[in-house]
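Residue numbers (my numbering), protein chains in the order written: chain A, 1 to 478; chain B, 479 to 577.
Since the hints were derived computationally from the structure, they do not count as laboratory data.
Wrong hints could be hidden among the right ones.
Simulated DEER-style distance windows between Cβ atoms [stated by the list, open to error]:
{"#": "1", "chain 1": "B", "residue 1": "His496", "chain 2": "A", "residue 2": "Pro39", "range": "20 to 26 Å"}
{"#": "2", "chain 1": "A", "residue 1": "Arg140", "chain 2": "B", "residue 2": "Ala493", "range": "44 to 50 Å"}
{"#": "3", "chain 1": "A", "residue 1": "Ser173", "chain 2": "B", "residue 2": "His496", "range": "38 to 44 Å"}
{"#": "4", "chain 1": "B", "residue 1": "Ala493", "chain 2": "A", "residue 2": "Asp183", "range": "53 to 59 Å"}
By construction, the Cβ of each residue, glycine as well, lies at the ideal position given by its N, Cα and C atoms.
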Amino acid sequence: MTYEAVIGLEIHAQLQAGTKIFCGCSTVFGAPPNTHVCPVCLGFPGVLPVLNRSAVDLGIRAALALGCRINETSIFARKNYFYPDLPKGYQISQYEQPLASAGSVSFAMPDGPRRVGITRVHLEEDAGKSLHEGFPDSDRTTYVDFNRAGVPLIEIVTEPDLRSAADAAEFFSRLRAILVWLDVNDGNMDEGSLRCDANVSVRPAGTAALGTKAEVKNLNSFRFLQKALEFEIERQRALVGDGIRVVQETRLFDVSTGTTVSMRSKEEAHDYRYFPEPDLPPVRVSAERLAAVRERMIELPDARRQRFVAAFGLPEYDAAQLTQSRHSADFFEATVTAGAPAKTASNWIRGELARVLNDTGRSMADPPVSPTRLAELLRLVEAGTISGAIAKTVFEKMVVSADSAEAIVRRDGLTQIDDEGAIIALIADVLTRNTDAVAGYRAGKTATFGFLVGQVMKAAGGKANPKRVTELLKQALA
Amino acid sequence: MPAVFSRAEIARIAALAHLELGEHEVELFADQLGDILGYANQLQPIDTTGVPPTSSVVIEDEGERADAVVPSVDREIALANAPDASLEVGLFRVPRVIG
Numbered sequence: 001m002t003y004e005a006v007i008g009l010e011i012h013a014q015l016q017a018g019t020k021i022f023c024g025c026s027t028v029f030g031a032p033p034n035t036h037v038c039p040v041c042l043g044f045p046g047v048l049p050v051l052n053r054s055a056v057d058l059g060i061r062a063a064l065a066l067g068c069r070i071n072e073t074s075i076f077a078r079k080n081y082f083y084p085d086l087p088k089g090y091q092i093s094q095y096e097q098p099l100a101s102a103g104s105v106s107f108a109m110p111d112g113p114r115r116v117g118i119t120r121v122h123l124e125e126d127a128g129k130s131l132h133e134g135f136p137d138s139d140r141t142t143y144v145d146f147n148r149a150g151v152p153l154i155e156i157v158t159e160p161d162l163r164s165a166a167d168a169a170e171f172f173s174r175l176r177a178i179l180v181w182l183d184v185n186d187g188n189m190d191e192g193s194l195r196c197d198a199n200v201s202v203r204p205a206g207t208a209a210l211g212t213k214a215e216v217k218n219l220n221s222f223r224f225l226q227k228a229l230e231f232e233i234e235r236q237r238a239l240v241g242d243g244i245r246v247v248q249e250t251r252l253f254d255v256s257t258g259t260t261v262s263m264r265s266k267e268e269a270h271d272y273r274y275f276p277e278p279d280l281p282p283v284r285v286s287a288e289r290l291a292a293v294r295e296r297m298i299e300l301p302d303a304r305r306q307r308f309v310a311a312f313g314l315p316e317y318d319a320a321q322l323t324q325s326r327h328s329a330d331f332f333e334a335t336v337t338a339g340a341p342a343k344t345a346s347n348w349i350r351g352e353l354a355r356v357l358n359d360t361g362r363s364m365a366d367p368p369v370s371p372t373r374l375a376e377l378l379r380l381v382e383a384g385t386i387s388g389a390i391a392k393t394v395f396e397k398m399v400v401s402a403d404s405a406e407a408i409v410r411r412d413g414l415t416q417i418d419d420e421g422a423i424i425a426l427i428a429d430v431l432t433r434n435t436d437a438v439a440g441y442r443a444g445k446t447a448t449f450g451f452l453v454g455q456v457m458k459a460a461g462g463k464a465n466p467k468r469v470t471e472l473l474k475q476a477l478a
Numbered sequence: 479m480p481a482v483f484s485r486a487e488i489a490r491i492a493a494l495a496h497l498e499l500g501e502h503e504v505e506l507f508a509d510q511l512g513d514i515l516g517y518a519n520q521l522q523p524i525d526t527t528g529v530p531p532t533s534s535v536v537i538e539d540e541g542e543r544a545d546a547v548v549p550s551v552d553r554e555i556a557l558a559n560a561p562d563a564s565l566e567v568g569l570f571r572v573p574r575v576i577g
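Make the full structure from the sequences, and use the hints.
Here's what the structure looks like:
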């Protein structure tokens with residue numbers, strides 16, 4: 001019998017607000033421990049939470065991008081459990097009435113399209129950070145830093161619509177791209193700003209009932225997510241294949257072994273005793289507020305990719321690459337607006353510029369050359385002032401100086417040699433020095449033509465117009 | 479009429495709340511919680527058709543706040559009331575919670 005995997009994801013994304021969800025403490029990462037804390041986020045008695053407006057707006061923005069319905073009224077609830085990183089003894093989350101419901105994300109895999117339902121998007125606060133290792137008394141003591149306690153999060157819960165580890169990893173990567181694109185989340189999985197848990201079960205292929213699921217935690221990279229799911233699916237297939245029941249439990253992905261291990265069994269399963277948070281009024285999202293958030297929404301990656309194909313005639317591949325980040329999409333569009341031909345701009349951004357960024361460790365957020373400057377360079381190529389080969393040299397110089405392409409071309413005398421007489425003279429010289437190659441070409445070795453073009457270009461210091469060289473060389477050899 | 483809370487229910491609630499109860503406390507709380515539930519049962523017959531559930535009594539005008547940073551408290555103050563903390567590293571300390 002063949003078994004299919006059924007996977008749903010729960011993603012926690014830190015919202016890029018400047019302050020915590022219920023108090024004015026800063027959310028900046030990396031501060032000395034317990035310096036971004038106050039009586040509210042430390043859970044002191046008698047304090048009252050007050051909701052951060054930006055956190056709600058960012059949550060709405062994310063939910064809209066995921067095609068969700070924004071609920072007019074949503075309600076905060078207390079999720080009760082004890083852990084040292086949770087100072088109040090409960091986490092303020094949303095339970096019965098979340099911020100948003102019923103969305104979906106579509107994407108393409110090599111063997112066909114996928115659609116993943118989004119069950120809900122809700123607001124909640126993050127917990128603090130427990131430090132279990134690295135202190136002299138770590139064998140008996142856990143240290144706790146509450147800087148992260150109260151940082152605003154959204155939890156995104158998917159329907160169990162994913163069927164493979166690869167699909168899940170691709171979905172998570174798409175979701176990250178959308179959240180980063182919208183400035184909802186910084187996408188930094190190393191710092192824990194984006195975290196993923198997976199619910200996994202297996203069932204005989206073609207059946208509808210769900211098997212018993214395991215929840216796999218600690219999947220803080222696309223690769224770990226995929227590896228953990230691959231292992232877990234295989235583990236459950238083997239169990240079910242042998243007629244052994246899968247135990248409902250939480251499992252932790254162990255990066256060092258590539259396996260999942262049981263964290264706690266069902267006997268210890270939590271009863272969170274959710275109840276409505278009496279200290280916070282319901283969140284109301286009026287039609288006006290929703291319209292205001294919608295108005296500030298920018299074009300989403302998928303729409304922009306399609307527009308790049310339709311409006312600029314870019315190949316699908318180029319458009320997909322350019323819309324991987326908002327910075328590169330913006331850069332491309334600004335370059336075209338500044339007068340560069342679209343396809344050339346695309347080639348340069350994905351080629352030369354990407355290479356320079358890679359070599360210098362910079363990013364599209366902080367490019368060494370502005371779109372206007374790149375467009376100037378590409379216009380020089382377009383006008384035939386410089387050759388494509390020289391353009392690369394000019395670009396290198398632009399990267400390390402503030403000079404414009406035109407200034408560099410003028411200063412270094414890089415203007416393309418288009419003059420027929422000058423090129424004919426260069427050709428004559430090359431032909432007399434390469435009599436073997438000429439004889440070879442005349443004897444039918446056409447490949448030597450390319451060699452001779454190369455020699456002429458070399459003699460011209462790369463500055464000759466290659467099209468003119470080809471034409472005139474053909475005439476000279478005829 | 480007071481509702482009945484079984485000893486098992488009291489034990490379970492106490493365990494979730496991390497409370498260790500003595501024999502007489504189990505009896506006491508069973509009675510007290512039973513009374514509360516009994517009162518809630520008294521209210522149950524009231525027809526509340528069309529009345530939205532009250533999830534909060536906070537005055538809604540309190541509203542939401544702007545996303546502006548307010549100074550946090552000094553770390554010494556934050557740690558002052560902790561049963562155990564390390565002032566040198568600025569961290570709260572609790573008995574080890576895993577493995």
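These are the hints, each one checked on the structure:
1. B:His496 to A:Pro39: 20 to 26 Å: About 23 Å separates the Cβ atoms of histidine 496 of chain B and proline 39 of chain A, which means 20 to 26 Å holds.
2. A:Arg140 to B:Ala493: 44 to 50 Å: violated, 24 Å
3. A:Ser173 to B:His496: 38 to 44 Å: holds, 40 Å
4. B:Ala493 to A:Asp183: 53 to 59 Å: Roughly 44 Å apart at Cβ, these two residues miss the hinted range, so it is violated.
Taken one by one, the earlier hints fail for this structure at numbers 2 and 4, listed in ascending order.
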